[in-house]
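Protein chains: 2
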Amino acid sequence: MIDNPYYRHEFHGDYELISIGRLELEEGGVIPDCQLAVATFGTLNAEKDNAILVTTWYSGTHQIFRDVYIGPERALNPEKYFIVVVNQIGNGLSTSPHNASGANVSIAMSKFPHVRIGDDVVAQERLLREHFGIEQLELVVGGSMGAQQTYEWMVRYPARLKRAAPIAGTAQNTPHDFLYTKALVEAITSDPGFNGGEYSSNADVVDGLKRHAGIWAVMGFSTEFWKQEVWQALGFDTKEAFMEGFLEPYFTAMDPNDLLCMAWKWQHGDVTRHTGGDLAAALGRNTAVTRVMPINEDMFFPVRDCEAEQKLTPRSELRVIDDVLGHLALFGVAPTYIGQVDKYLNELLADS
Amino acid sequence: MIDNPYYRHEFHGDYELISIGRLELEEGGVIPDCQLAVATFGTLNAEKDNAILVTTWYSGTHQIFRDVYIGPERALNPEKYFIVVVNQIGNGLSTSPHNASGANVSIAMSKFPHVRIGDDVVAQERLLREHFGIEQLELVVGGSMGAQQTYEWMVRYPARLKRAAPIAGTAQNTPHDFLYTKALVEAITSDPGFNGGEYSSNADVVDGLKRHAGIWAVMGFSTEFWKQEVWQALGFDTKEAFMEGFLEPYFTAMDPNDLLCMAWKWQHGDVTRHTGGDLAAALGRNTAVTRVMPINEDMFFPVRDCEAEQKLTPRSELRVIDDVLGHLALFGVAPTYIGQVDKYLNELLADS
Chain A
215 MIDNPYYRHE
225 FHGDYELISI
235 GRLELEEGGV
245 IPDCQLAVAT
255 FGTLNAEKDN
265 AILVTTWYSG
275 THQIFRDVYI
285 GPERALNPEK
295 YFIVVVNQIG
305 NGLSTSPHNA
315 SGANVSIAMS
325 KFPHVRIGDD
335 VVAQERLLRE
345 HFGIEQLELV
355 VGGSMGAQQT
365 YEWMVRYPAR
375 LKRAAPIAGT
385 AQNTPHDFLY
395 TKALVEAITS
405 DPGFNGGEYS
415 SNADVVDGLK
425 RHAGIWAVMG
435 FSTEFWKQEV
445 WQALGFDTKE
455 AFMEGFLEPY
465 FTAMDPNDLL
475 CMAWKWQHGD
485 VTRHTGGDLA
495 AALGRNTAVT
505 RVMPINEDMF
515 FPVRDCEAEQ
525 KLTPRSELRV
535 IDDVLGHLAL
545 FGVAPTYIGQ
555 VDKYLNELLA
565 DS
Chain B
215 MIDNPYYRHE
225 FHGDYELISI
235 GRLELEEGGV
245 IPDCQLAVAT
255 FGTLNAEKDN
265 AILVTTWYSG
275 THQIFRDVYI
285 GPERALNPEK
295 YFIVVVNQIG
305 NGLSTSPHNA
315 SGANVSIAMS
325 KFPHVRIGDD
335 VVAQERLLRE
345 HFGIEQLELV
355 VGGSMGAQQT
365 YEWMVRYPAR
375 LKRAAPIAGT
385 AQNTPHDFLY
395 TKALVEAITS
405 DPGFNGGEYS
415 SNADVVDGLK
425 RHAGIWAVMG
435 FSTEFWKQEV
445 WQALGFDTKE
455 AFMEGFLEPY
465 FTAMDPNDLL
475 CMAWKWQHGD
485 VTRHTGGDLA
495 AALGRNTAVT
505 RVMPINEDMF
515 FPVRDCEAEQ
525 KLTPRSELRV
535 IDDVLGHLAL
545 FGVAPTYIGQ
555 VDKYLNELLA
565 DS
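Note that the protein sequences, when read in sequence, are chains A and B.
For the first sequence, this note's numbering begins at 215 and goes up steadily by one.
For the second sequence, this note's numbering begins at 215 and goes up steadily by one.
In short, the hints are calculated from the structure, not lab data.
Be aware that a few hints might be false.
Just so you know, same-sequence chains aren't split out, so a pair can sit in one copy or run between any two.
Claimed, not checked - Subject to a maximum C-alpha distance of 27 Å in a straight line, what follows is the list of computed DSSO-like cross-link-like pairs (lysine-lysine):
#, residue 1, residue 2
1, Lys525, Lys441
2, Lys396, Lys376
3, Lys376, Lys441
4, Lys453, Lys294
5, Lys557, Lys424
6, Lys396, Lys262
7, Lys424, Lys376
8, Lys396, Lys424
9, Lys294, Lys262
10, Lys441, Lys294
11, Lys294, Lys396
Quick caveat, the model's predicted, so the values are computed rather than measured.
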């Protein structure tokens, strides 16, 4: 176990660690005591039918949803809904390589087992049912890897959700995306300080984490983000200052094994595991009213990939978010971003 | 000096090494004896007005032009034109870090000075004039870094070329492109075997070169190339086999310092050095009839970047090449690729 300050409450604000017990994983491993970091907003009504599940993306936590996506003026309105943000396994707040200790000491660091998107969704379903008594969701929504989890809900538990909104992500990871993630992984594991996953601090792997940030710079934002110098709006004078002041610190603060756990999960996201490789059959299970919401400038979840899946998904419609930031528009930096998300989610929440 | 078999005549076929003497470089360094590897096709006529200059791209040599772009049935027809392909400085055939010896021993390996696109163009102009007596070019054409050189010709020596065709490249490198190249560079230099550029064989840097190939896989081809499994047309059964059988061997055979020399040059390509940073003024110098030819699926020289420059270029028209391979369509693998290039170049060569 490593005490990494990035993952402390001081940095991430209030959340609750809830154990769902032993979790047997699809790949054969086990998390002896799976703890999910959960942040809730609003109040569950007596009928327990006003719940919204929010899933998290690669490197993300509940924090960005609290700060950007959730509020009384937002579609994700805690005055109306009980919003449950569940941090994904391996994200550093829920059970993860770097924090595995106590009952989980056998899976610490490099010994952490492979986790799949399906494992997260099984864990979330158990959490919602056993801990909150929630069996029906008004909406499941998430971006990027959060979209992967949303699609997994649509295919695995179609009767359990009324609506779904996968943002900037796919149901079946694409080969290009696999290669992109591979480059991210290799940037980290090639650092001699990584030491096969048995480093003593994330600072040992700072060079690899910086290269990982450098590859994110190429794919995470759009070519126009850089050309139009949109980073100026974030208060930086040069692209180098933006890298050194924003993207590098963002990733170098994180735990390498945690990122690798999520990267493997991202690479292997695939709802067709339920249907013998048949994507149309998998997506055909969906019964939720759905909005598929890609971002027009996304370099690695391009609109056409998302649209191809949308066309296979019953009860779905496509809503394209316009944002020059590209994939990392998800951060909600552009003033026009969250308005689009709210518009499409409000429309969805009014639909049934 | 390293004897790397990839750069031998056995592999690259016939070319001539021609010394243009001492070359003072824009960045302040010097190549004491600058030798250019030159392959020619066809015959220079008595008037010396049927010459075409072909410039090379990152990692490329004259070989691909000989094998794909030049032929009696092609626009680059050696029965009509005298075609001079000049390998760029640092590409491993012309004077380069790995082959610097004799008079160039002082700039071997890590001591090789920074070379700019302008240095190549100055060297090419001197070669053409002093060695071949060519003062007027029917056409300058090149792809990617070859397009950078083409633009440099258009801006630096506007009276010397009648026509120009920059393919899949820009006059002023974009910030996104700079970051992409930075990721490529770091993949190589982070390999402990790189040893600050003083390795004894490219094999010492094989891990870094493989990571470099892995990043090319993400950006060099399009997302659709991978999704549609276009690599099957190249005889591979899986994307992994394609990587291991094609893209990795392609790059691991090359010299790391040579690639880094070209990468620095690519990153810093900028015709506005002639006009105090004014792109419109620089491109406004052009007098050649020009076709700007981006590739529609290019991930890092996207059409809109090329089109923005085309609009600033007098006497130019845009011709977009349709090819799912993306940037590496330049290899000419798709059967429909070279036909488009020929069509647009024939149209250009008939124009005046």
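Alpha-carbon proximity between Lys396 and Lys424, which holds within one copy, between copies, both or neither at 27 Å: Classified as both; 16 Å inside a copy, 12 Å across copies.
27 Å Cα threshold - placement of Lys376 relative to Lys396:
The answer is neither: 35 Å in one copy and 46 Å across copies each exceed 27 Å.
Treating 27 Å as the Cα threshold, decide for Lys294 and Lys396: within, between, both or neither. neither (41 Å within a copy, 48 Å between copies)
Within, between, both or neither, where Lys424 and Lys376 count as close if Cα-Cα is 27 Å or less: For Lys424 and Lys376, neither the intra-copy (41 Å) nor the inter-copy (46 Å) Cα distance is at most 27 Å.
Up to 27 Å between alpha-carbons, please classify Lys557 paired with Lys424: within, between, both or neither. Cα proximity of Lys557 and Lys424: none, with 36 Å in one copy and 45 Å across.
Reference check for the pair Lys525 and Lys441, CA-CA at most 27 Å: within, between, both, or neither?
Result: close only across copies, 17 Å inter versus 33 Å intra.
Taking 27 Å as the upper bound on the Cα-Cα distance, should Lys294 and Lys262 be classified as within, between, both, or neither?
Intra 12 Å, inter 81 Å, cutoff 27 Å: intra-copy only.
Worksheet item: With identical chains treated as interchangeable, where does the CA-CA distance between Lys441 and Lys294 reach 27 Å or less: within a copy, between copies, both, or neither?
Response: neither (41 Å within a copy, 41 Å between copies)
Problem - Lys396 and Lys262: within-copy, between-copy, both or neither at 27 Å Cα - result: Close neither inside one copy (41 Å) nor across copies (52 Å); limit 27 Å.
Within a copy, between copies, both or neither: which one fits Lys376 and Lys441 at a CA-CA cutoff of 27 Å?
neither (41 Å within a copy, 31 Å between copies)
Next on the checklist: When Cα atoms must be at most 27 Å apart, do Lys453 and Lys294 count as within-copy, between-copy, both, or neither?
Outcome noted: neither (41 Å within a copy, 48 Å between copies)
Violated hints, in rising order: 2, 3, 4, 5, 6, 7, 10, 11; the structure is consistent with all others.
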